[in-house]
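Can you join these two chains into the complex? Each is in its own frame, and there are hints to help.
Residues per chain, in single letters:
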Amino acid sequence: MLNHIWLALIGIGILTATGRDIYDLTTNTYGNDIPWIFDAAITPQPDGTKQQLQLRVSAEQRRMHFPHAVWENDNFSIPATLTHHGRNTFSIVFTLTDDIPDIFREMSDASGSKGTLTGNGYFRTDTQTITVSLDPVKFVYLKRITNAAFDSAGVAVQIALGLIGIMALWLGVMKVAEQAGLIAILAHIVKPVTVRLFPDVPHDHPAIGSMLMNISANMLGLGNAATPFGLKAMEELNSINPKAGVATNAMVTFLALNTSCITLIPATAIALRVAAGSADPAIIIGTTFLASLTATIVAVIVSKLLQRVKLFAWDRVEAS
Amino acid sequence: MELFRNVVSILSALAVPALMLFFLVYGTMRKVKVYEVAVEGAKEGFTIAVKIIPYLVLMLVSIAVFRASGAMDVFISVLRPITDRLGLPAEALPMAFMRPLSGSGSLGVMTETMKTYGSDSFLGVLVSTMYGSTETTFYVIAVYFGAVGIKDTRHALPTGLIADFVAFMAAVFFVSLLWG
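Chains as they are written, first to last, in the numbering used here: chain A, 51 to 370; chain B, 88 to 267.
Think of the hints as simulated: they come from the structure by calculation, not from any bench.
A few of these clues could be false.
[What the hints assert, rightly or not] If you anchor each label on the Cβ, the simulated ranges turn out as follows:
id	chain 1	residue 1	chain 2	residue 2	range
1	B	I169	A	A91	53 to 61 Å
2	B	E123	A	D148	14 to 22 Å
3	A	T175	B	R167	50 to 58 Å
[Said to hold, decoys possible] For lysine to any residue, the following SDA-like pairs were computed, each having C-alpha atoms within a straight-line distance of at most 25 Å:
id	chain 1	residue 1	chain 2	residue 2
4	B	K202	A	N53
5	B	K238	A	N53
6	B	K130	A	S289
7	A	K293	A	G327
8	B	K120	B	I140
9	A	K164	A	A199
10	A	K193	B	F162
11	A	K241	A	N288
12	A	K188	A	N288
13	A	K241	A	G212
14	B	K238	A	T318
15	A	K360	B	F162
16	A	K293	A	I351
17	B	K120	A	P256
18	B	K238	A	W364
19	A	K164	A	L105
20	B	K120	A	L355
21	A	K354	A	L262
22	B	K118	B	I140
23	A	K293	A	W56
24	B	K120	A	Q229
25	A	K241	A	L355
26	B	K120	A	I216
27	A	K193	B	K138
28	B	K238	A	K193
29	A	K293	A	V107
30	B	K138	A	L262
31	B	K138	A	E286
32	B	K238	A	M51
33	B	K138	A	I60
34	A	K293	A	L219
35	B	K118	A	L219
36	A	K293	B	I140
37	A	K241	B	L106
38	B	K130	B	L111
These numbers come from a predicted model, not from an experiment.
Using N, Cα and C, we set each Cβ at its ideal position, and we do this for glycine too.
So that you can see chain B by itself, here it is in the shape it has in the complex (with noise of 0.2 Å):
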């Protein structure tokens, strides 16, 4: 565990300066006029940044509108009894509920819980491991849809939420073990 906790760490830090210099050497090497080439895919970036704002726009404001009316707390209060036979400790349930809407909203539960709970406890590391295990479903879909002006999102919606809820229940149950 802890040789495999070096190794990642020593990768993230090494990620993205190994990755440019290895993309960017092999480029020359292939006679690749670097520069040009890349400012050519930089013009890209903005455009594709322009194209998000209006489904990021919408997205936003009917989440901050829901969060804003309080509403959270009363389907935390509806849904209790479900998730409590499923084993999903309540005070974790703002956090599940929080996850897949706003991803700094659930940064603030996180730190909100970690607070009260204490960072290492059960509910301590069963948050974190929710936060850092699932995505911000909502705005992914906004966005990467957005950039392409899919309107029709089909399915991918039910499969983030689903996707978030086996996350949550994976990491009840593997915190669990953990805690023995």
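Isolated chain A (complex conformation) (with noise of 0.2 Å):
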């Protein structure tokens, strides 16, 4: 099942880059090799003279260029630096300020030049004009997942070094329960719903403490102490599975338990709801509860229901 669903992602994203990069040179989106004329009294310099200008990009250029891009802000110019180079030739580098519409900053970022266009260009003194054609803007999605799977991989392993400290912290904090045998007091105390909802795991079983922790932390939401917690739970579970990188039927009901897992506290939610200037953050603490509370209802049952179809069925697994 992962397996399909994680090369689905992939392949729909790389076939769907592909496809719309196709579109954008078939249509050329982003005008390449169309030049820029604007209006600008520029006389001859020595090579390397630097220039900064104002350039006011007309309704009409911008119409040639990008015929079916929607625009925000009709009137704008651009702040640009011109280098001379040779008799009456020039490079010149773009800086798009915040007024400028985001079909420039996305070729922007495909280029790779984080709000900068670069080209080259002409100009003549009788007419006082320039010309400039800016460098071609190809592949942008193509660059686009490419950057992203780059940046997400060095992500995922910051997210996963930086568990390590809360870790440590709760499962020091964790032992020091299980052996005062505190964990088993909680166990104890759940027993009549935990037969249940794992008929798997022996009552008395150290993941029955570490998931009602976990369960306990994620209603409060402290995600922070959640994951330890619920992390301690799944090598426990494991402890006690037959086989070795299968899901048990108890890992498969505590996952559920734990993605649909019913709030008291949406902390995150409700913070940035502050944060958007919200007049009463909290309002979503009702809602929410009643939410998740059916979610994970209906979760548990899912979950006990798909555990018996045969395309899931623990038993079409040999032991390893």
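Spelled out as structure tokens, the structure:
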């Protein structure tokens, strides 16, 4: 299952990106090879002389380059730095300020230079105009997925390494509670529920205590504490797993409880609402509680039903 | 409701310090050598975190490629007739699709939706509820199964996605109730 989904995500991603790039190339979305003509009085200067300019983009020029783009700002000019090379030719760098339409920023991102666009051109003293050819923009989406793949590979390692500290802290505290017999007491209290949810797990197994801690932390919106308890619970569930590498029914039920977890305090969502200037950020507590409660009940039922389906059945794989 | 809110906010502020204190004091009372035992437990943190890396890298890369390609927009437009019929507002669809895939991505969608439609509007409250009532299913599966080297996840993903879907539909239902 996960194999197919994983492949599908990558495959669909690459195919979509390729399709979009082909579309952009055939329709010339970025106006490649169409020269830009700006009004500017430039006189010949020695090589290497730099000049700062404000170039006004006329509506006519824009329509010529981007006939399909939607414009939020109809009147703007782009600051540029022009460097003289030769008699009346130059290279030029546009600096993209905040009021410039998004398509320019897309082009800049695709060329790998954040916030600038480069090109070259020539000027005419008689008409007082300059003609600029921007470096062509191609394969925007393929470049974007390549960067996304490399970036996220790095991010994944950062996330995992970032877990080390918080894991060490909570697993340390947890070990103390375990040795003191506290986890066993907790597990005993919830026994009537856990024997039904996890019939394959002995009711006094340490996994029960860890799962309980994980779910409580999740309910209170303590994501930082929930993950270490959850991973500890998985380790303990795996210690009674007869088939290495295959998820047990208890693991899947636990994950179903976890991903749909009943939420008393949606801490992150509330924090974000405060940041967004909400007048009543906590209004979502009630709706979130009811929605997550519904989801949790359904999730447990679904996990119990699907574990019998042939496609997912425990018996279909040999013990290794 | 006001009382409930106060109770939960006090609970969330107190939970971590109180829990730590309680565990450690109880441990001391039961003659556990708290520091030595805690160090033993803490050592496991490193191995678990490192074990997760390959699973998390591959999962996040495939999701990033999918997101960056813009395939999400295509999916949304294809599935929109179905979700329209189910009563899921079109404006909330990006959230519904992003939430199981990416935590940071769905935070971005939530901010964007609240900026466009207002944080206290029906849609603002709806996407906040959708965010709060579910987890990033793909991430949880990669991390939790990765930590114990499970490669055959059986029915975990379909269960998680069905749970997400139910949570979204329930969010629409309860937020609509709230709006009367």
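Verification of the hints:
1. B:I169 to A:A91: 53 to 61 Å: 60 Å Cβ-Cβ, so the 53 to 61 Å window holds.
2. B:E123 to A:D148: 14 to 22 Å: violated (57 Å)
3. A:T175 to B:R167: 50 to 58 Å: About 56 Å separates the Cβ atoms of T175 (chain A) and R167 (chain B), which means 50 to 58 Å holds.
4. B:K202 to A:N53: At roughly 37 Å apart (the allowed maximum being 25 Å), N53 (chain A) and K202 (chain B) break the hint.
5. B:K238 to A:N53: holds (9 Å)
6. B:K130 to A:S289: holds (18 Å)
7. A:K293 to A:G327: violated (51 Å)
8. B:K120 to B:I140: Judged against 25 Å, a Cα distance of about 33 Å means the pair is violated.
9. A:K164 to A:A199: holds (18 Å)
10. A:K193 to B:F162: holds (21 Å)
11. A:K241 to A:N288: Satisfied, since the Cα-Cα distance of roughly 20 Å is no more than 25 Å.
12. A:K188 to A:N288: violated (49 Å)
13. A:K241 to A:G212: With a Cα-Cα distance of about 34 Å, the restraint between K241 (chain A) and G212 (chain A) is violated, given a limit of 25 Å.
14. B:K238 to A:T318: violated (30 Å)
15. A:K360 to B:F162: The hint is violated at about 29 Å.
16. A:K293 to A:I351: OK: K293 (chain A) and I351 (chain A) at ~24 Å, within 25 Å.
17. B:K120 to A:P256: holds (20 Å)
18. B:K238 to A:W364: Roughly 14 Å between the alpha carbons, so the hint for K238 (chain B) and W364 (chain A) holds.
19. A:K164 to A:L105: Between K164 (chain A) and L105 (chain A) the Cα gap is close to 20 Å, so the pair holds against 25 Å.
20. B:K120 to A:L355: Not satisfied, since the Cα-Cα distance of roughly 45 Å exceeds 25 Å.
21. A:K354 to A:L262: The hint holds at about 19 Å.
22. B:K118 to B:I140: Not OK: K118 (chain B) and I140 (chain B) at ~37 Å, beyond 25 Å, violated.
23. A:K293 to A:W56: The given pair, whose Cα atoms are some 23 Å apart, holds under the 25 Å limit.
24. B:K120 to A:Q229: holds (9 Å)
25. A:K241 to A:L355: Holds: K241 (chain A) and L355 (chain A) sit about 22 Å apart, inside 25 Å.
26. B:K120 to A:I216: holds (21 Å)
27. A:K193 to B:K138: Given that 25 Å is the threshold and the Cα spacing comes to 30 Å, the pair is violated.
28. B:K238 to A:K193: At roughly 31 Å apart (the allowed maximum being 25 Å), K193 (chain A) and K238 (chain B) break the hint.
29. A:K293 to A:V107: Distance ~67 Å between K293 (chain A) and V107 (chain A) Cα, so the pair is violated.
30. B:K138 to A:L262: holds (23 Å)
31. B:K138 to A:E286: holds (15 Å)
32. B:K238 to A:M51: holds (10 Å)
33. B:K138 to A:I60: Holds - the C-alpha atoms of I60 (chain A) and K138 (chain B) are around 23 Å apart, at most 25 Å.
34. A:K293 to A:L219: Violated, because 30 Å separates the two Cα atoms, which is more than 25 Å.
35. B:K118 to A:L219: holds (20 Å)
36. A:K293 to B:I140: holds (22 Å)
37. A:K241 to B:L106: Cα-Cα ~21 Å, so holds.
38. B:K130 to B:L111: holds (18 Å)
Comparing the model with each earlier hint shows violations of hints 2, 4, 7, 8, 12, 13, 14, 15, 20, 22, 27, 28, 29 and 34; every other hint is respected.
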